[in-house]
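J.: Residue numbers (numbering that gives the first Met the number 0), protein chains in the order written: chain A, 0 to 255; chain B, 0 to 303.
One or more of the hints may lead you astray.
Said to hold, decoys possible - Taking lysine to aspartate or glutamate and the DMTMM-like style, the derived pairs with C-alpha atoms no more than 25 Å apart in a straight line are: (1) 113/A / 183/B; (2) 35/B / 150/A; (3) 184/B / 102/A; (4) 18/A / 239/A.
These aren't lab readings, by the way, just hints derived from the structure by calculation.
Residues per chain, in single letters:
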Amino acid sequence: MIQTIDQTDAPAVGSRPGKVRLGIRDVEAFYGQIQALRGVSLDVHEGEIVTLLGSNGAGKSTTLKTISGLVRVQRGEVQLEGESIARLAAHEIARRGVVHVPEGRRILRGLTVKENLELGAFTVKDSGLRRQRLDEVYALFPILHERRHQDGSLLSGGQQQMLAMGRALMHGPSVMLLDEPSMGLAPKLVTDIMRIIKRLNEAGTTILLVEQNARLGLRLAHYAYVIENGEIRMQGAAAELRQDESIVKAYLGVGE
Amino acid sequence: MTWYDSFLQQLVDGLVLGSFYALVALGYTMVFGVIKLLNFAHGDLYMTGAFAGFGGLSLVSGFLGAGWLGIFVAMLLAMLAVGCLGVVIERVAYHPMLGAPRLSILITALAVSLVLQNAALALTGGQYTAFSTDLGFGGISLGNLFLSYNQIVLVAAAAVLMIALELFVSKTLYGRAMRAVSIDKDMCRMMGINVSAVIAVTFFIGSGLAAAAGTMAGAYYGSIWYFMGFLIGLKAFTAAVIGGIGSITGAMLGGLILGLLESFGTHIPFIGSEWKDVFTFSILILVLVFKPTGLLGKSEVERM
Chain A
0 MIQTIDQTDA PAVGSRPGKV RLGIRDVEAF YGQIQALRGV SLDVHEGEIV
50 TLLGSNGAGK STTLKTISGL VRVQRGEVQL EGESIARLAA HEIARRGVVH
100 VPEGRRILRG LTVKENLELG AFTVKDSGLR RQRLDEVYAL FPILHERRHQ
150 DGSLLSGGQQ QMLAMGRALM HGPSVMLLDE PSMGLAPKLV TDIMRIIKRL
200 NEAGTTILLV EQNARLGLRL AHYAYVIENG EIRMQGAAAE LRQDESIVKA
250 YLGVGE
Chain B
0 MTWYDSFLQQ LVDGLVLGSF YALVALGYTM VFGVIKLLNF AHGDLYMTGA
50 FAGFGGLSLV SGFLGAGWLG IFVAMLLAML AVGCLGVVIE RVAYHPMLGA
100 PRLSILITAL AVSLVLQNAA LALTGGQYTA FSTDLGFGGI SLGNLFLSYN
150 QIVLVAAAAV LMIALELFVS KTLYGRAMRA VSIDKDMCRM MGINVSAVIA
200 VTFFIGSGLA AAAGTMAGAY YGSIWYFMGF LIGLKAFTAA VIGGIGSITG
250 AMLGGLILGL LESFGTHIPF IGSEWKDVFT FSILILVLVF KPTGLLGKSE
300 VERM
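All chains should be modelled from the sequences, with the hints used to inform the complete structure.
T.: Right, here's the structure in full:
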């Protein structure tokens with residue numbers, strides 16, 4: 000069932016499996032005087048990939064930054080497993096397992112691939128667990144193992160995206176926030192990254208994925224929200240939204 | 000004295016001087032790394048450290064003596080006290096200014112410098128305070144070269160502190176987090192790193208190293224006064240720039256190079272020791288003109 004909504008406090012629709020892992024309600028956020036989010040509500044259920052679609056400047060990245068605490072929640076509520084995280088400092092939110100893989104990957108320049116990965120597990124006190132996660136990440140991304148002693152910022156775009164995701168996995172995320180993982184990548188690499196996201200999800204990672212490329216987002220996700228001018232305009236099961244080209248085009252203006 | 004002996008003597012003097020510069024330069028460069036502030040109060044923390052070391056020595060000399068052991072314990076006390084002072088200064092003076100334009104925080108640093116200097120002036124009446132120790136003047140003679148025990152211990156102590164710092168920063172997870180904070184604070188927050196705590200630890204270490212240098216300088220030269228931090232602050236800044244500001248290895252290298260340059264430079268004919276400071280700051284200007292990133296610094300790409 001696809002719903003087009005004007006008021007954003009509507010509850011999640013359709014039957015979705017699992018409990019709500021991350022819920023945000025009527026969130027408003029500002030950059031100075033400019034209101035970037037005008038009451039955004041969305042839910043991410045356990046084990047889901049949820050995609051947040053929208054054009055440039057619609058508020059996608061801001062929504063993620065608001066969840067991870069980089070942008071202050073002016074009004075509204077953000078909850079992780081029923082507990083409010085809206086007023087916590089960004090590092091506290093990360094410690095609770097909300098791990099943000101930001102736009103542009105933000106690999107730490109001058110640090111090796113391995114050092115970047117290890118810092119991802121900064122909050123993991125058990126060094127045995129850190130080592131185990133490192134092995135898991137290397138198994139998932141063999142190229143990172145091969146390049147482990149190189150400066151992470153000198154990797155290619157696709158490898159940097161793998162490093163950024165690997166770094167998030169080191170943390171053992173409860174929810175992974177992925178901001179435009181396909182940006183700037185060649186089509187072949189986009190397919191690779193998408194396959195990896197799918198695999199991470201199948202292995203149990205709950206993901207909120209921001210995408211400008213709606214087709215891509217809808218192909219991966221279980222559930223989708225469309226944001227426009229800082230408001231959620233549409234939501235529904237991704238499979239259903241995918242069927243309805245006209246709606247997708249109208250809201251997202253994608254021809255591909 | 001042959002030319003060769005004179006060369007060696009300058010080398011030793013240069014290393015001693017360079018050790019002081021390097022220890023102070025480290026604090027400069029670390030603080031610059033994490034909050035991009037040229038902490039002009041840093042030289043005054045060195046001065047405060049000298050007085051704290053003096054105070055510490057008066058406390059412990061009764062039962063530990065004023066020899067190596069007493070001075071070592073006094074130095075640790077001074078490092079602890081001034082380290083905490085550095086953290087308080089960051090919290091009170093700099094932290095509220097982090098969102099403000101760079102110039103505002105720079106002026107704040109100058110204000111902190113004035114506060115520390117004038118506090119010391121008020122407390123000491125501007126008099127030199129004798130930093131008396133029982134270290135004596137023993138040493139080793141190698142031909143015409145004389146190495147005092149004080150020089151040897153001082154250079155060794157500085158080396159130990161610097162190696163410990165280098166290991167901390169490159170090998171431990173917390174040290175890596177410190178480097179990461181200097182690169183991208185928001186990314187650190189997203190990884191769960193408490194950036195404010197890392198900044199506080201950086202101030203603690205940087206100020207502690209300045210205090211170590213201050214105590215050692217007091218014990219080595221035998222007197223301290225409220226204005227002793229001014230010039231060394233500027234010179235440590237020069238050393239940090241030579242090495243590449245923001246680079247820890249660079250600060251050590253820059254300090255030693257500056258010490259050696261001063262030691263040798265003042266023995267070039269027609270450049271007597273009265274030209275020492277002119278010499279130093281000419282080097283600063285040359286580095287800024289020809290290699291502004293210093294020996295080990297990387298050019299900073301300003302992120303939008």
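J.: Now, for every hint given, state plainly whether the structure supports it.
T.: Each hint tested on the structure:
In summary, the hint linking residue 113/A to residue 183/B is supported, as the alpha carbons are separated by about 17 Å, within the 25 Å threshold. At roughly 23 Å between alpha-carbon atoms, residue 35/B and residue 150/A fall within 25 Å of each other, so this suggested pair holds. Between residue 184/B and residue 102/A the CA atoms are separated by roughly 15 Å; this keeps the pair inside 25 Å, and the hint holds. Among the hinted pairs, residue 18/A with residue 239/A is consistent with the structure: their alpha-carbon atoms are about 21 Å apart, no more than 25 Å.
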